[in-house]
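Protein chains in written order, with the numbering used here: chain A, 1 to 322; chain B, 323 to 606.
None of these hints come from the bench; they were simulated from the model.
Just so you know, even glycine gets a beta-carbon here, dropped at the ideal spot from N, CA and C.
Any given hint could be a false lead.
Below, a list of computed lysine-lysine pairs in the DSSO-like style, where the Cα atoms sit at most 30 Å apart [stated by the list, open to error]:
no., chain 1, residue 1, chain 2, residue 2
1, B, 597, A, 246
2, B, 550, A, 243
3, A, 243, A, 281
4, B, 597, A, 243
5, B, 420, A, 256
6, B, 420, A, 243
7, A, 262, B, 420
8, A, 262, B, 418
9, B, 420, A, 246
10, A, 262, B, 597
11, A, 246, B, 424
12, B, 354, A, 246
13, B, 550, A, 246
Okay, the calculated beta carbon distance ranges per label pair [as the list claims (entries may be wrong)]:
no., chain 1, residue 1, chain 2, residue 2, range
14, A, 321, B, 369, 34 to 40 Å
15, B, 406, A, 299, 38 to 44 Å
16, B, 563, A, 95, 38 to 44 Å
17, B, 421, A, 149, 49 to 55 Å
18, A, 104, B, 444, 24 to 30 Å
19, A, 129, B, 565, 38 to 44 Å
20, B, 566, A, 311, 55 to 61 Å
21, A, 45, B, 425, 53 to 59 Å
22, A, 321, B, 378, 55 to 61 Å
23, B, 377, A, 266, 43 to 49 Å
24, B, 421, A, 17, 55 to 61 Å
25, A, 110, B, 404, 30 to 36 Å
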Amino acid sequence: MANGMSYALEFERPLLDLEQKISELKGLSTSSGSDFTAEIARLEKKAKKLQGEIFSDLSRWQVVQLSRHNARPYFLDYVGLLFTDFLELCGDRHFGEDPSIVGGFARFDGQSVLVMGHQKGRNTKENMARNFGMPRPEGYRKARRLMELAERFGLPILTFVDTPGAYPGLGAEERGQAEAIAVNLEVMSRLRVPVISTVVGEGGSGGALAIGVGNRVLMLENSIYSVISPEGCASILYRDATKSDKAADALKLTAKDLLGMKVIDEVIPEPPGGAHRDPVKTAEALGRALRKHLFALRSLSGDDLVEDRYRKFRALGVFTDS
Amino acid sequence: MAWFSKKKPVRSAPRATADAPAASRMHGLWVKCEQCEEIIYRQEVERNWNVCPHCQHHLPWPARSRLEALLDPGSFEEFDRGLEPQDPLGFTDSKKYKDRLKSTRKALGENDAFVAGVGRLEGHTVSLGCFLFEFMGGSMGSVVGEKITRVFERAHDLRCPAIVFSASGGARMQEGIFSLMQMAKTSAAIARFREVQKPYVSVLLNPTTGGVAASFAWLGDVMLAEPKALIGFAGPRVIEQTIRQKLPEGFQRSEFLLEHGMIDAIVPRRELRTKLGQVVGLFS
Ligand SMILES: [Zn+2]
Numbered sequence: 001m002a003n004g005m006s007y008a009l010e011f012e013r014p015l016l017d018l019e020q021k022i023s024e025l026k027g028l029s030t031s032s033g034s035d036f037t038a039e040i041a042r043l044e045k046k047a048k049k050l051q052g053e054i055f056s057d058l059s060r061w062q063v064v065q066l067s068r069h070n071a072r073p074y075f076l077d078y079v080g081l082l083f084t085d086f087l088e089l090c091g092d093r094h095f096g097e098d099p100s101i102v103g104g105f106a107r108f109d110g111q112s113v114l115v116m117g118h119q120k121g122r123n124t125k126e127n128m129a130r131n132f133g134m135p136r137p138e139g140y141r142k143a144r145r146l147m148e149l150a151e152r153f154g155l156p157i158l159t160f161v162d163t164p165g166a167y168p169g170l171g172a173e174e175r176g177q178a179e180a181i182a183v184n185l186e187v188m189s190r191l192r193v194p195v196i197s198t199v200v201g202e203g204g205s206g207g208a209l210a211i212g213v214g215n216r217v218l219m220l221e222n223s224i225y226s227v228i229s230p231e232g233c234a235s236i237l238y239r240d241a242t243k244s245d246k247a248a249d250a251l252k253l254t255a256k257d258l259l260g261m262k263v264i265d266e267v268i269p270e271p272p273g274g275a276h277r278d279p280v281k282t283a284e285a286l287g288r289a290l291r292k293h294l295f296a297l298r299s300l301s302g303d304d305l306v307e308d309r310y311r312k313f314r315a316l317g318v319f320t321d322s
Numbered sequence: 323m324a325w326f327s328k329k330k331p332v333r334s335a336p337r338a339t340a341d342a343p344a345a346s347r348m349h350g351l352w353v354k355c356e357q358c359e360e361i362i363y364r365q366e367v368e369r370n371w372n373v374c375p376h377c378q379h380h381l382p383w384p385a386r387s388r389l390e391a392l393l394d395p396g397s398f399e400e401f402d403r404g405l406e407p408q409d410p411l412g413f414t415d416s417k418k419y420k421d422r423l424k425s426t427r428k429a430l431g432e433n434d435a436f437v438a439g440v441g442r443l444e445g446h447t448v449s450l451g452c453f454l455f456e457f458m459g460g461s462m463g464s465v466v467g468e469k470i471t472r473v474f475e476r477a478h479d480l481r482c483p484a485i486v487f488s489a490s491g492g493a494r495m496q497e498g499i500f501s502l503m504q505m506a507k508t509s510a511a512i513a514r515f516r517e518v519q520k521p522y523v524s525v526l527l528n529p530t531t532g533g534v535a536a537s538f539a540w541l542g543d544v545m546l547a548e549p550k551a552l553i554g555f556a557g558p559r560v561i562e563q564t565i566r567q568k569l570p571e572g573f574q575r576s577e578f579l580l581e582h583g584m585i586d587a588i589v590p591r592r593e594l595r596t597k598l599g600q601v602v603g604l605f606s
């Protein structure tokens, strides 16, 4: 999956070291003809146990790191693994083309759908081209154009959220970043076709929500969704960006947290060790979830879909009314 | 009309606390203008709707004073005053969010950062609301989002125009994902309100940024701003850190936005009432 260097997270390292040792031993037994079968079996058992230990009890900050892992499958990987006949459409018809959001029509189980998502890069060059998955207004306006196109043809919309946030740049402000996001929120709320939004990596604030107003909102197990990045939160509230782990805990931003608070509909489990360890299995699980929810929404009329989405977001908020 | 049956509207009374903005410069008999640094008699500034009589600088204007001054005398009826914030995340920074709320509510005599209601503007019934910037920087959590949503629901039910005065740093971090979701909730409420073909006038005050700018505040049928208000998605400091250079003078100010086609007009405070009346009249 990874083209370019992928890094190892600090807490993954003991496992990766062990796996490295196993593969060396395997190589050695082939080249030297010695029998290390027993030792390999012992180490593999140990590796499995270690993996279980590390991943059964991840801290929120560790989940944040996994959600940003540069070997994690990105939107276009899912397009390749889950869809056929992908036709990418480009440009907002006003100013430009923004490659940090990719969208187009494709077949899912034979049915035409709109697929659209934030796209990050795996290395510096790709990230420069994709602006690290941080859209400018053009990206949001392209997204809006494609969503309205899908609606006109009665096609379901599947969005994939994976962004640190909308780009905070000079040109983005000049061209109306806030307007572009706001309009998407309104437009999505009244789309008369099924919309399923899945957070597959980072759900960074308004820049994520701007393609995230779905009838169903799903999250991969090691993805996050937050009003602000833990780093941003730490530097504002604790005046110390290194307290990001503390901020991640305070923000309660993991898929499990959000399901617990009934903000999302489902957590899609990832393979042991995280999505980047097995993108194919991850895509299979994601595909199953999308299929299930699409099927459930199929019987709803345009009016029903708008009503369903409205009720869902109308209900969000915690307060008392005395 | 669920909102009618739930609770009797509370008629707002002028409150000493509401007239005192967070800035301590407004306390006492004298006020120092933050722009021309002229020392002005406090009453003189208040009579002038908190606009500096020397340089026309627009000082912060408390929400309740604003509503009282802009609406037909005595016509404002407050709604949803009983909405109270909770602490769904059990959030703690340098202070527990619960404690922060408690002390802010006590100091300001307000439950949260938004006041909403129904009033008359030059004879027209309007559903409206205004941010209290002095309440945690006008940040939007569940209560603010709910109140704004209800402003549009009331406008829908009454088939009357909606007006929101925004002054906010954005979503409230301390309520995490619930704050973010208020952006979707309020924007969806506007989509519904559009059905009744009444105007929504969004008035952007200093400052309007973040999740508030990027949702209902930028969805006005008519977009007005007070002079020299800071308005944008990202805050200037974040942008400077990102692009590693100083921003040009006047960047993200009302005048800049008008020039870039992002708003309809800049309206000096003293002309706001007339302008709002005109908009509401033309669309009725
Ligand atoms: Zn002055």
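The hints, checked one at a time:
1. B:597 <-> A:246: Since the Cα atoms of residue 597 of chain B and residue 246 of chain A sit roughly 48 Å apart, the hinted pair is violated (cutoff 30 Å).
2. B:550 <-> A:243: violated (35 Å)
3. A:243 <-> A:281: violated (34 Å)
4. B:597 <-> A:243: violated (48 Å)
5. B:420 <-> A:256: holds (24 Å)
6. B:420 <-> A:243: holds (21 Å)
7. A:262 <-> B:420: holds (22 Å)
8. A:262 <-> B:418: This hinted pair holds, its Cα atoms lying about 23 Å apart.
9. B:420 <-> A:246: Holds, at roughly 18 Å.
10. A:262 <-> B:597: Given that 30 Å is the threshold and the Cα spacing comes to 43 Å, the pair is violated.
11. A:246 <-> B:424: Given pair residue 246 of chain A, residue 424 of chain B holds - Cα atoms ~23 Å apart, limit 30 Å.
12. B:354 <-> A:246: Cα-Cα ~40 Å, so violated.
13. B:550 <-> A:246: violated (37 Å)
14. A:321 <-> B:369: 34 to 40 Å: Between residue 321 of chain A and residue 369 of chain B, where Cβ atoms are some 37 Å apart, the hint holds.
15. B:406 <-> A:299: 38 to 44 Å: holds (40 Å)
16. B:563 <-> A:95: 38 to 44 Å: violated (25 Å)
17. B:421 <-> A:149: 49 to 55 Å: holds (50 Å)
18. A:104 <-> B:444: 24 to 30 Å: violated (50 Å)
19. A:129 <-> B:565: 38 to 44 Å: violated (18 Å)
20. B:566 <-> A:311: 55 to 61 Å: violated (45 Å)
21. A:45 <-> B:425: 53 to 59 Å: holds (56 Å)
22. A:321 <-> B:378: 55 to 61 Å: With Cβ atoms ~41 Å apart, the hint is violated.
23. B:377 <-> A:266: 43 to 49 Å: Given range 43 to 49 Å: violated, Cβ gap about 57 Å.
24. B:421 <-> A:17: 55 to 61 Å: Distance hint for residue 421 of chain B, residue 17 of chain A is violated at roughly 46 Å.
25. A:110 <-> B:404: 30 to 36 Å: violated (53 Å)
Violated hints for the displayed structure, listed by number in ascending order: 1, 2, 3, 4, 10, 12, 13, 16, 18, 19, 20, 22, 23, 24 and 25.
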